[in-house]
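Number of protein chains: 2
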Amino acid sequence: MTRQTAFDALNSLLGQRATRSKSELEQHGRSETHFPAMPPDAVVYPKSTAEVAAILRICSAHGIPVIGYGAGTSLEGQAQSPQGGVCVDFRLMNRVLQINHADMDVSVQPGVTREALNAELRATGLFFPVDPGANASIGGMASTRASGTTAVRYGTMRDNVLALEVVLADGRVIRTGTRARKTSAGYDLTGLFVGSEGTLGLITELTLRLQGQPEATAAAICGFDSMSQAVAAVIDTIQMGLPMARIEFIDAASVAAVNAWSGSTIPLTPHLMVEFHGSETGVREQAETFGQIVADHGGTGFDWATRPEDRSALWSMRHNAYYAIKASRPGSVALVTDICVPISRLAEAVTETQADIAASGIAGPILGHVGDGNFHAILLYDDQNPAEVASAAALSHRMVTRALDMGGTATGEHGIGLGKLAYMQAEHGEAWDVMQTLKMALDPANIMNPGKLLRQG
Amino acid sequence: MTRQTAFDALNSLLGQRATRSKSELEQHGRSETHFPAMPPDAVVYPKSTAEVAAILRICSAHGIPVIGYGAGTSLEGQAQSPQGGVCVDFRLMNRVLQINHADMDVSVQPGVTREALNAELRATGLFFPVDPGANASIGGMASTRASGTTAVRYGTMRDNVLALEVVLADGRVIRTGTRARKTSAGYDLTGLFVGSEGTLGLITELTLRLQGQPEATAAAICGFDSMSQAVAAVIDTIQMGLPMARIEFIDAASVAAVNAWSGSTIPLTPHLMVEFHGSETGVREQAETFGQIVADHGGTGFDWATRPEDRSALWSMRHNAYYAIKASRPGSVALVTDICVPISRLAEAVTETQADIAASGIAGPILGHVGDGNFHAILLYDDQNPAEVASAAALSHRMVTRALDMGGTATGEHGIGLGKLAYMQAEHGEAWDVMQTLKMALDPANIMNPGKLLRQG
Chain A
143 MTRQTAFDAL NSLLGQRATR SKSELEQHGR SETHFPAMPP DAVVYPKSTA EVAAILRICS
203 AHGIPVIGYG AGTSLEGQAQ SPQGGVCVDF RLMNRVLQIN HADMDVSVQP GVTREALNAE
263 LRATGLFFPV DPGANASIGG MASTRASGTT AVRYGTMRDN VLALEVVLAD GRVIRTGTRA
323 RKTSAGYDLT GLFVGSEGTL GLITELTLRL QGQPEATAAA ICGFDSMSQA VAAVIDTIQM
383 GLPMARIEFI DAASVAAVNA WSGSTIPLTP HLMVEFHGSE TGVREQAETF GQIVADHGGT
443 GFDWATRPED RSALWSMRHN AYYAIKASRP GSVALVTDIC VPISRLAEAV TETQADIAAS
503 GIAGPILGHV GDGNFHAILL YDDQNPAEVA SAAALSHRMV TRALDMGGTA TGEHGIGLGK
563 LAYMQAEHGE AWDVMQTLKM ALDPANIMNP GKLLRQG
Chain B
143 MTRQTAFDAL NSLLGQRATR SKSELEQHGR SETHFPAMPP DAVVYPKSTA EVAAILRICS
203 AHGIPVIGYG AGTSLEGQAQ SPQGGVCVDF RLMNRVLQIN HADMDVSVQP GVTREALNAE
263 LRATGLFFPV DPGANASIGG MASTRASGTT AVRYGTMRDN VLALEVVLAD GRVIRTGTRA
323 RKTSAGYDLT GLFVGSEGTL GLITELTLRL QGQPEATAAA ICGFDSMSQA VAAVIDTIQM
383 GLPMARIEFI DAASVAAVNA WSGSTIPLTP HLMVEFHGSE TGVREQAETF GQIVADHGGT
443 GFDWATRPED RSALWSMRHN AYYAIKASRP GSVALVTDIC VPISRLAEAV TETQADIAAS
503 GIAGPILGHV GDGNFHAILL YDDQNPAEVA SAAALSHRMV TRALDMGGTA TGEHGIGLGK
563 LAYMQAEHGE AWDVMQTLKM ALDPANIMNP GKLLRQG
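If you're matching them up, the sequences are chains A and B in order. So for the first sequence, our numbering puts the first residue at 143; every next one is plus one. So for the second sequence, our numbering puts the first residue at 143; every next one is plus one.
FYI, nobody ran anything at the bench for these hints, they're computed from the structure. The structure presented is a predicted model; accordingly, all values stated were derived computationally and were not measured. It cannot be assumed that every hint is accurate.
Stated by the list, open to error - For the chain A half of the interface with chain B, some residues (derived, Cβ under 10 Å), not all of them: (1) N242; (2) D245; (3) R287; (4) A322; (5) G354; (6) N516.
Ideal Cβ placement from N, Cα and C applies to all residues, glycine included.
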């Protein structure tokens, strides 16, 4: 059979780095998603762009699906293999290739994780700012157009990828973009591949913008009596143009889960967690202005994390909130919603979501990158209980519908994958057909991550 | 004949807003470019998206080229009609549709100019930051991915367009993007259309990000003994992460032209023109830091423009530099180069360019948005003198080749049009074929601005 021929060819190419072992297939069928396992038929571990190109030529010749795999932290099933096929795991392509200190950019392979990259950058005085919380791979972050806590200041992967090397479905290798800070030289292919979730090609190299480590940093957490007061403070802060490095909301239910998980004793009310970057004077001025806004909205209990280790603890607590919330109901499945709305509609969106959750019978702590208008409800349900499954699905559906009605998006940063497919038509209308047209032009046999992002069937 | 049938249909649709008058054809065959006139066969002035869609259905049915036209300020021939066809002039679609103050965004029609938009925004405390100098139309700025003096702080059109309405070649109307600050919902079609120079569709509406008018603004001009000292000061400034709102370089030859044009008496040495935005304290701090950098590089003659009218005069002088330089040799043609290089290579790129110009026998004042690594030589030549024509072409060629060798781009902000077509293969390699594939997928009959950006023949 044709798939067997292809696997033989992959074995010849990669030896033991092509495998069909049951445990590896099973492992690559999963990620940090609520979807059940969907394993590939084979897993390969390329070490070079040339090997990726050879893999794609083989799969193209045999019409076999190809699914890119980074750190497995995607939440919408992007890395799963619903139609089987060959999973390309980039863990062996994890080198930092070139740090250009003077130009504040870096070239990396896709398998390097953001923590590993920043560890390697530490001594240079530079850092890569995009921070989705999970220790994702840079290639995966580009593929899903990830962002996270720092996007309010430094932008998303869309804003921080300067150039790419991509292998197309037919094995051709292209380079998009340059190391110049800006360009008007034709179609923005870099931007097209960022966020395309491996459906147009596999990213084999990325050039990223870096930032200088700020002269001064301050971080703090502060509490509010109500969610609406906290969100009102966020809206004022953004509208005033305060250059927040981070401004994160966690509701009382999230605080409870975080306390239980990390042993902290934060009062059980809604909180904002913030960070300021700048000069000593600038940070002091920002902090004063923000403090005034918080006071105007009845915020209290400002707790400043002044030492670097205190800041690390604060953000590690925030980054672990997802795991803390999951652990608050052992054995439950977590459906993580991801809507993003215009900031003027944020309070309304959060209030209505909280009311929906309160009426639903399941737990759904809320937290998010509210400076961008982006927040998550982490809906915890027992996947053996049909009523809870239905509740979670209905809540998620209502959130997305509300976001679209408010001029927002179904997904601020997690992407489409399998999980948001049902909303592409509603969000994009005929523009979704245009995405399909582009997809078919670049991957006519539909071997690149089939089943994701585009209309099916 | 088929074109006559199409023109009859356009006349039925638009009445006197479809014209073949010789003067209007002639006028629309020109723009602020060095290319000779290339007039269309007809000019139409739509008033609505529905009319644009109807125009495209007619042109599509008859296989007639369609060329978008804004303010005619493009420099690479983007708005010209080398294959004739129908020029769609957007001057009647020039309304500001909706200012969303709380969300700091605005929806506009493509024909509004940046100056008209900012005049309408003035009372709101918001402004649209992208400033290419010329009073371009917003639709044209998006189509060429324009930027200019403020990109170093606020980004290019790529960074400032949130959403688009686009009419495709076949008359379909799509909407890309949302009013949310970020999204991961599928391919970034907004980014694909921005910079596509009307070769994929016509933009009929844009949603733009706005900025709050800064609490404090300061601007200044300062002189240096040599270009290399000025550029070294720029590189230090950028590498230090100083959030410059503007940092512009003009060489001694540009200063001479500006003095002659505007009656100013700036010393005939290289200068930097800078602007700072922020809080009162922040601006003071930035200005002090910058002043120290300038002093370290031997800069002198700091002249602060403290009153708003002084700042306006300063930037108006900068914006008119192109016209001043053209006027410095009456009757000459100006070929405006536009390379952008990694900042670490900027001094080398400018030095080598100046040496080339000095040896060429023609004048080529240099100025540019050096904070991005982007600069222009305005090459003045007599188009009746074959030796000068050849000199200008050779200088431009060497600049582009040098930029590409340095990891930069042929065009930082002016785009490809007709003028940089010859460098697409060198800059993009096989990625240029991918652009062609996308183009053919969306415009198989090649009616959208044919002759530009893509491989010809």
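If you take the shortest Cβ to Cβ gap from A:N516 to chain B, is it below 10 Å?
-> Hint on A:N516: holds, closest Cβ of chain B at ~7 Å, below 10 Å.
Once the shortest beta carbon distance from A:R287 to chain B is found, is it less than 10 Å?
-> holds, 4 Å
Using 10 Å as the Cβ threshold, decide whether A:G354 counts as touching chain B.
-> holds, 4 Å
Tell me if A:D245 is really an interface residue toward chain B, meaning its C-beta lies closer than 10 Å to one of theirs.
-> holds, 4 Å
When the nearest CB of chain B is found for A:A322, is that gap smaller than 10 Å?
-> With a closest approach of 4 Å, the A:A322 hint holds.
Against chain B, run the beta carbon of A:N242 and see if the smallest gap drops under 10 Å.
-> holds, 7 Å
Hint compliance for this structure: no hint is broken.
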